[in-house]
Amino acid sequence: MLEIDGLRKRYGDKTALDGVGFTVRPGEMFGFVGANGAGKTTTMRIVMGVLGADSGEVRLDGRPLGYDDRRAFGYMPEERGLYQKMKVAEQIEYFGRLHGLAPAAARTATDALLERLGLVERRDDAVEALSLGNQQRVQLAVALVHEPTVLILDEPFSGLDPLAVDALAEVLKDRAAEGVPVIFSSHQLDLVERLCDSVGIISAGRMVAYGPVAELREREGRGVLRVVVRDAAPGWADGLPGRIAREGDRDVLLCEEGDDQAVLRTAMGAGTVEHFGRRQPTLTEIFREAVA
Amino acid sequence: MNGLLLVAQREVRTRIRTKSFLISLAISAILVAALAFLPKALGGDGTFDVGVVGPAPAPVTQLSYSRYPDEAAARKAVIGGDVDAALIGGDRVIANGELDQRLGLILESVHRDEQIRAAGVTVTPLRVESVGADARYQGVRTGIATLLVMVLFFLFIYSSMYVAMGVVEEKGSRIVEILLTSVRPWQLLGGKIVGLGVLGLVNLAVVVAAGLAASAATGFAADLPPGMGGIVVSALVWFVLGYAFFAVLAATFGSLVSRQEELNTVLTPMTTLMMLTYVTAYFAAVQPTGTVARVLSLVPPFSSMVMPVRTAATGVPLGEILIAVALMIVAVVGVLLFASRVYQRAVLRTGARVRLGEVLR
Ligand SMILES: Nc1ncnc2c1ncn2[C@@H]1O[C@H](COP(=O)(O)OP(=O)(O)OP(=O)(O)O)[C@@H](O)[C@H]1O
Ligand SMILES: [Mg+2]
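As they're listed, the protein sequences go chains A and B.
Under this note's numbering, read the first sequence as residues 1 to 292, first letter to last.
Under this note's numbering, read the second sequence as residues 293 to 653, first letter to last.
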């Protein structure tokens, strides 16, 4: 279990982190979201020991993290970095060795990853000859080659095509299924919603919402009331709360408050009600709400 | 340790494959070999070729004889330049134009010796006694020392430059962020310095081998002073010490910047120190027994070039060498401590150039 506890970090008189804390259990996929400059990268760099915190602590299974623990982590920094002139396979293997793999094990792991990430044909190309997305795949392979005990990935999906997104999602799910805690940051909230067991929303250096996606939804209330009415006269909903939009010959009414039964009666009086129900808030809506 | 070796191995593998490394290796070897050939190319080897028709005189070291059947053939050889002169019948010399003065004197004395021997008189040669220092090898030793100055300077500059460029490459591309989560800073820095140092040492060995082989091929080796082994060993040892000092400094200053373009500026203190060392070593090669040379051959980092140069140019008491080595090791440890403070703090601070003051606090 990876516990991040009360991290604080200041740059000059600017506070980047103001008591960030959350916990990721083994096998849990944790989505870390927040606006630009909210503090995601700073948090992850502190977890990896690349940056020192002013206060706070990161623990693994109850013990403060040490160098040897981190050496077994897989890390993908926000600023990608590879040896541009080194060949793809050679590079992945080299990082495997640096993380302590034996030569044969490093080679096997490299081959397996090249296969999974669709890089087999590019194995002997220099990294600089690859497109940005393919370089990104190599970067991921470098983070994954040594079968990490914890994965810390800063925006791993940015710049990938849909097929690569799926391939990476599969790899991450597999690793999580083996009991590895996975933290990744992303601005693609639909993706986070689809993949993650739990989500943390950070805003201006503080965690504003955090927990399993389902729980966050609950906390957000019963969700938005959505009513679809056909053949209604214009202006029928003037007295009701909420926003109305026209889609073809239908009116779609979204209400966040008010008496739903009263809304239903008015709608039935105005035209043919085709849909009436509460819609679960999307992560995007939860996010907007939380950081507002 | 394992991490350090892996890093070193990568450095060697990457660099040894590059064209620039192979080219610089070839150029330095060819240059040194050419310098060994130079005396022969300029002054010849000091012996004369003499064509002989009829009885040949007793052999002497400065002359090599070749026989011709008759005077006509000998004449042709003289005009064609195959021989410097021809001796006909033991008492007549044919030369192309005027006879070389030194050759004339030698032929004259050979002719005289022949006649004295024919008369049954034996002459004891003059004995020469030398007073003062043995100056026989002075010219050669100064030559070797001057050459050594250039080779060491070239190797220090270019090996340290590669270290600094490697550090900036890793910092600028941010790869250092992943590297430092799998190896410790001293392993990364140490591996880079060791790897590139091995290549520098290989380069030095190739240069020395090329020089020695070329002098053996030209016969120049006979003129090499005794104790060449000691000179070579001292050059290798001082290369290692001096390289360690300058490479660590280069890496430390290199870690302050994120772009190769900023490297020259930030390395100025180190290159200045290196230039000063070079200049003093150059003076030491010319005046190896002067006070400046004697004092600076003990003071690091000047000793890294002045001491091997002094060793090559003249005899140095063992005690002084040991003191110089000990002081240099202390200096290397000193820059290592400095580096360990600066490097690991500066190398993760990408962006604008990091001020030394910020990381030393
Ligand atoms: N080296 C630095 N010096 C000064 N301020 C910094 C530095 N690094 C980060 N910050 C500040 O810390 C805050 C958090 O930045 P961080 O990079 O963690 O945000 P982020 O959530 O990763 O944003 P993004 O989504 O844009 O990647 C920002 O306000 C940023 O300006
Ligand atoms: Mg970020």
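Since the hints were derived computationally from the structure, they do not count as laboratory data.
Please note: incorrect hints may appear among the correct ones.
Unchecked claim - Simulated pairs of lysine-lysine, BS3-like, Cα-Cα distance not exceeding 30 Å:
#, chain 1, residue 1, chain 2, residue 2
1, A, K85, B, K311
2, A, K87, A, K173
3, B, K311, A, K87
Review point. Are the Cα atoms of K311 (chain B) and K87 (chain A) separated by 30 Å or less?
Key: Roughly 17 Å between the alpha carbons, so the hint for K311 (chain B) and K87 (chain A) holds.
Check your understanding: Quick one, are K87 (chain A) and K173 (chain A) close enough, alpha carbons at most 30 Å?
Key -> holds (28 Å)
Review point. Given the hint that K85 (chain A) pairs with K311 (chain B), does the C-alpha gap stay at or below 30 Å?
Key: holds (14 Å)
The structure is consistent with each of the numbered hints, conforming to all of them.
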